[in-house]
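Chemist: All chains, please: the whole structure from these sequences, using the hints.
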Amino acid sequence: MRINPEKCVACGNCTYVCPMGAIYIDPVKQRATINDDECVECYTCFNGLSQEHLPPSFVRTVRKAFAMMRIRFDPEPDVCPTSAFEPNELVWPRVIRRAFSDPRVPHESTGVEGRGTEEVKTNDVTGRVKLGEAGLTIELGRPGVGVRFHEIQEICTALAKAGVAFEKKNPVTTLMTDVPTGKLREDILDEKVMSAIVEIKVSAERIEEIINIVRDVEKRLTTVVAIGVGVRCDNDGEDHIVAPILERLGYKLERAKTNTGLGRAVTATLQPEKELVKA
Amino acid sequence: MTNTLHRFGDAESFRDDYVIFAIPVRSKDMGAEELLPKLRRFLQIAIEYKPVNLGDTRKGGALRPGRGMNPLSHWKRDITPDFQGVVDGLAISTTVAAVFDNKVAAEDFIKRIHEEDFGLSVNISTSIDGAEQCCHHACIPRHSVGYSLGFEGHTEKLPDSQVMMLSTMCGHGMVSHSLAKKMIDFVKENRRTPEQAAAVLTRFCSCGVFNPSRAKRILEDARIKTN
Numbered sequence: 007m008r009i010n011p012e013k014c015v016a017c018g019n020c021t022y023v024c025p026m027g028a029i030y031i032d033p034v035k036q037r038a039t040i041n042d043d044e045c046v047e048c049y050t051c052f053n054g055l056s057q058e059h060l061p062p063s064f065v066r067t068v069r070k071a072f073a074m075m076r077i078r079f080d081p082e083p084d085v086c087p088t089s090a091f092e093p094n095e096l097v098w099p100r101v102i103r104r105a106f107s108d109p110r111v112p113h114e115s116t117g118v119e120g121r122g123t124e125e126v127k128t129n130d131v132t133g134r135v136k137l138g139e140a141g142l143t144i145e146l147g148r149p150g151v152g153v154r155f156h157e158i159q160e161i162c163t164a165l166a167k168a169g170v171a172f173e174k175k176n177p178v179t180t181l182m183t184d185v186p187t188g189k190l191r192e193d194i195l196d197e198k199v200m201s202a203i204v205e206i207k208v209s210a211e212r213i214e215e216i217i218n219i220v221r222d223v224e225k226r227l228t229t230v231v232a233i234g235v236g237v238r239c240d241n242d243g244e245d246h247i248v249a250p251i252l253e254r255l256g257y258k259l260e261r262a263k264t265n266t267g268l269g270r271a272v273t274a275t276l277q278p279e280k281e282l283v284k285a
Numbered sequence: 006m007t008n009t010l011h012r013f014g015d016a017e018s019f020r021d022d023y024v025i026f027a028i029p030v031r032s033k034d035m036g037a038e039e040l041l042p043k044l045r046r047f048l049q050i051a052i053e054y055k056p057v058n059l060g061d062t063r064k065g066g067a068l069r070p071g072r073g074m075n076p077l078s079h080w081k082r083d084i085t086p087d088f089q090g091v092v093d094g095l096a097i098s099t100t101v102a103a104v105f106d107n108k109v110a111a112e113d114f115i116k117r118i119h120e121e122d123f124g125l126s127v128n129i130s131t132s133i134d135g136a137e138q139c140c141h142h143a144c145i146p147r148h149s150v151g152y153s154l155g156f157e158g159h160t161e162k163l164p165d166s167q168v169m170m171l172s173t174m175c176g177h178g179m180v181s182h183s184l185a186k187k188m189i190d191f192v193k194e195n196r197r198t199p200e201q202a203a204a205v206l207t208r209f210c211s212c213g214v215f216n217p218s219r220a221k222r223i224l225e226d227a228r229i230k231t232n
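Protein chains in written order, with my numbering: chain A, 7 to 285; chain B, 6 to 232.
Read the hints as simulated data drawn from the structure, not as lab findings. All C-beta atoms in this analysis are idealised placements derived from N, C-alpha and C, irrespective of residue type, glycine included. Some clues are possibly wrong.
[As the list claims (entries may be wrong)] As a list, the in silico DSSO-like pairs of lysine-lysine whose alpha-carbon atoms are at most 30 Å apart:
{"#": "1", "chain 1": "B", "residue 1": "Lys43", "chain 2": "A", "residue 2": "Lys174"}
{"#": "2", "chain 1": "A", "residue 1": "Lys35", "chain 2": "B", "residue 2": "Lys186"}
{"#": "3", "chain 1": "B", "residue 1": "Lys43", "chain 2": "A", "residue 2": "Lys136"}
{"#": "4", "chain 1": "B", "residue 1": "Lys162", "chain 2": "A", "residue 2": "Lys258"}
{"#": "5", "chain 1": "A", "residue 1": "Lys175", "chain 2": "A", "residue 2": "Lys225"}
{"#": "6", "chain 1": "B", "residue 1": "Lys55", "chain 2": "B", "residue 2": "Lys81"}
{"#": "7", "chain 1": "A", "residue 1": "Lys258", "chain 2": "B", "residue 2": "Lys186"}
{"#": "8", "chain 1": "A", "residue 1": "Lys189", "chain 2": "B", "residue 2": "Lys162"}
{"#": "9", "chain 1": "A", "residue 1": "Lys174", "chain 2": "B", "residue 2": "Lys64"}
{"#": "10", "chain 1": "B", "residue 1": "Lys81", "chain 2": "A", "residue 2": "Lys70"}
{"#": "11", "chain 1": "B", "residue 1": "Lys230", "chain 2": "A", "residue 2": "Lys258"}
{"#": "12", "chain 1": "A", "residue 1": "Lys225", "chain 2": "B", "residue 2": "Lys186"}
{"#": "13", "chain 1": "B", "residue 1": "Lys116", "chain 2": "A", "residue 2": "Lys136"}
{"#": "14", "chain 1": "A", "residue 1": "Lys13", "chain 2": "B", "residue 2": "Lys64"}
{"#": "15", "chain 1": "B", "residue 1": "Lys43", "chain 2": "A", "residue 2": "Lys175"}
{"#": "16", "chain 1": "A", "residue 1": "Lys174", "chain 2": "A", "residue 2": "Lys136"}
{"#": "17", "chain 1": "A", "residue 1": "Lys136", "chain 2": "A", "residue 2": "Lys258"}
[Unchecked claim] In silico negatives: residues of chain A with every beta carbon more than 12 Å from chain B:
{"#": "18", "residue": "Arg76"}
{"#": "19", "residue": "Val185"}
{"#": "20", "residue": "Pro186"}
Modeler: Structure follows, in structure tokens:
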């Protein structure tokens, strides 16, 4: 993303809007400026700000006059008055930032928007997670924090050592050069993204072991981690296997995504095991 | 995508937060041509149950940013959600969502979707009990559950709970912490009403799963309460 300096009037609206806090008003240039190293190409500035098409010189003159009189503006906070944001062409490896940070762009590897994963949201059709198994999503990075791929690799390698099965239809897995070790492509390791999800499947009795591995790696990372645990309910719609394990580990279960099972069952003949890559 | 799983708050704080979404799963039985009308119908039915937001993952929610805003609109900004616009604008088969701010509407909608038998994967994102009651009302056993274990690691880098409750309503992170804090401050200073501030935040959610009704309540609380 770039901000056209001919158009920018340094109103500062975009500085609040950037989820990564990567935009600031340069005091010398008097223009909004992007810290390219922190920018994750999420396009929130371009897509989220409403746009006006006012003449920049007129807006600057008005702003200067008002500022001299110490009059505070009160424009709408989500508007770029001069449409100064202009997407630039992203090349490899920077393009990976957008793939993992802009939810409107489907991941090429999975065809899924957002973070590119389906977790147990389509489990009624795919049958990916069965009774007694757990599909874990380990999301690294948050807005304002982000994560670089070398940190994601730390989790991947630790999990690979434990011999877990990585979900094949997951964008992080597709970036692995060596699935048995969990190593990612060298050329992306310094790239920063808003967040990325490592997705694995294990038997329910291994949940504690996996969570302990994640907690151990977390100590070496500089980011925030959010774990999701997907389970298949029994015929009565109950989960008597995984929830008790999580509660024993000290988690207070408050929120969940619940798959209602209304997906067409006839497609359950798909072979879920083929979707996994054994580490 | 964890667009709704890790919303911040306790179960009680999700009493007015029910996100129900349909995911098109292509199969040998259903291709893109069969899926699109079903997704449109899902959204159209949702309107009957008075949602607070509606969205498709590609184009956004019922309140979207303007590409050619009139400068005069600063004085009279329209914050009316355009639900029908979401339905009519759906052009490809992608994940669609309906957001409700009360249990009765969510329960009745799920029951109706069950009766319609679209064959789409339908998920409810809310408190665990809230979703269970929706399924019970529709007489369907839960198929699968994806639990959120919350945030860990360097949580000292996260903002306060009011900001977190607002910003995590877009799980993709399009609602920045800074903007959420700014809107809390605007409401505290009486520069915007909670409804107007919630509308600002809603426009940034690019899948339409942000809950403006819950945001309004949080902003009203934040006006007089600290964390």
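Chemist: With reference to the structure, classify each hint as holding or not holding.
Modeler: Going through the hints against the structure:
For a cut-off of 30 Å, the pair hint linking Lys43/B to Lys174/A stands: about 28 Å separates their Cα positions. Proximity of Lys35/A to Lys186/B is assessed by CA-CA distance (about 27 Å); at most 30 Å being required, the pair is judged to hold. This hinted pair checks out: Lys43/B and Lys136/A have alpha carbons roughly 27 Å apart, not beyond 30 Å. Between Lys162/B and Lys258/A the CA atoms are separated by roughly 22 Å; this keeps the pair inside 30 Å, and the hint holds.
Restraint check for Lys175/A and Lys225/A: satisfied, since their Cα atoms lie roughly 28 Å apart, inside the 30 Å limit. Our distance criterion of 30 Å between C-alpha atoms is met by Lys55/B and Lys81/B, whose separation comes to about 24 Å. Between Lys258/A and Lys186/B the CA atoms are separated by roughly 27 Å; this keeps the pair inside 30 Å, and the hint holds. This hinted pair checks out: Lys189/A and Lys162/B have alpha carbons roughly 27 Å apart, not beyond 30 Å.
A distance of roughly 27 Å separates the Cα atoms of Lys174/A and Lys64/B; the hinted pair therefore holds under the 30 Å criterion. Simply put, Lys81/B and Lys70/A have alpha-carbon atoms about 25 Å apart, close enough for the 30 Å limit, and the pair holds. For the hint pairing Lys230/B with Lys258/A, the CA-to-CA distance comes to about 25 Å; that is within 30 Å, so the pair holds. For the given pair, Lys225/A sits about 29 Å from Lys186/B by alpha-carbon distance, which is consistent with the 30 Å threshold.
Proximity of Lys116/B to Lys136/A is assessed by CA-CA distance (about 25 Å); at most 30 Å being required, the pair is judged to hold. A distance of roughly 26 Å separates the Cα atoms of Lys13/A and Lys64/B; the hinted pair therefore holds under the 30 Å criterion. The hinted pair formed by Lys43/B and Lys175/A meets the criterion: a straight-line CA distance of about 25 Å does not exceed 30 Å. A C-alpha spacing of about 17 Å is found between Lys174/A and Lys136/A, which places the hinted pair at or below 30 Å, so the restraint holds.
For a cut-off of 30 Å, the pair hint linking Lys136/A to Lys258/A stands: about 23 Å separates their Cα positions. With a closest Cβ-Cβ approach of about 17 Å to chain B, Arg76/A is found to remain outside the 12 Å limit, as its non-interface label requires. Annotated as non-interface, Val185/A keeps its C-beta farther than 12 Å from every C-beta of chain B; the closest such distance is 23 Å. With a cut of 12 Å on Cβ distances, Pro186/A stays outside the contact zone with chain B, its closest approach being about 26 Å.
This entry satisfies every hint, going by the numbered hints stated previously.
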